[in-house]
Amino acid sequence: KNQVEQSPQSLIILEGKNCTLQCNYTVSPFSNLRWYKQDTGRGPVSLTIMTFSENTKSNGRYTATLDADTKQSSLHITASQLSDSASYICVVSEDLGSGGYNKLIFGAGTRLAVHP
Amino acid sequence: DSGVTQTPKHLITATGQRVTLRCSPRSGDLSVYWYQQSLDQGLQFLIQYYNGEERAKGNILERFSAQQFPDLHSELNLSSLELGDSALYFCASSVDRQVPDTQYFGPGTRLTVL
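Residue numbers (the working numbering), protein chains in the order written: chain H, 1 to 116; chain Z, 117 to 230.
FYI, nobody ran anything at the bench for these hints, they're computed from the structure. Possibly wrong hints are sitting among the right ones.
Derived list of chain Z stretches under chain H, where covered just means 3 residues or more per stretch with a C-beta under 8 Å from a C-beta of chain H [as the list claims (entries may be wrong)]:
no.	segment
1	159-170
2	201-208
3	219-227
The beta-carbon is built from N, C-alpha and C at its ideal position, and this holds for glycine as well.
The whole structure should be built from the sequences, with the hints applied where relevant.
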């Protein structure tokens, strides 16, 4: 069964500190992996998208890594800010082959709280 | 602001009723996706439309249906509502000219079934 598992479930860090969120998946065939940030009660916002051939991608203070061999990804947040408090969702795309359509499989998310 | 609009923002209704949620995609986006997010649950993909045609179906109940109109806006119809249908319903849109495509999410409609 295609699954995406994220850890930790929740995390509290102090402002200015770094943190790393993990994502393990069993999705096959793999197409791409995305990280989204979702503020409470709002729609997710895309942070990064990585294909099989990419092993790192940055978006400001967010850096995502991908190891397609071990089927693991991480999202590293540098110099955290209060506004980073949100849920971070790992989404893996299953390549269904026809017409370029990919089925997205969502992880449950990691809830990050940044405290002053 | 993602450019995707959803109405209404909140909806409160009773069990057994029927409601319609509306989504307007970003200008130029041909694909519309619908997702359900129950309390403390992950996002569940419901259905995708591309340029008026259904392209993919996820975990959508038979009581739910959707359509995309010629002007590319989409509606999600939920009928015979149950307490468990209470959730945030998100619409997303994408250009869908290449894979991977970035999906832009709307602000969501919060449905409460009493």
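Outcome of the hint check:
For the segment 159-170 of chain Z, the stated coverage by chain H holds: 4 residues have a C-beta nearer than 8 Å to a C-beta of that chain, and at least 3 were required. For the segment 201-208 of chain Z, the stated coverage by chain H is satisfied: 3 residues place a CB nearer than 8 Å to a CB of that chain, which reaches the threshold of 3. Under a criterion of three residues with beta carbons nearer than 8 Å to beta carbons of chain H, the stated coverage of the segment 219-227 of chain Z is upheld, 7 such residues being counted.
The structure fails none of the hints (numbered hints given earlier).
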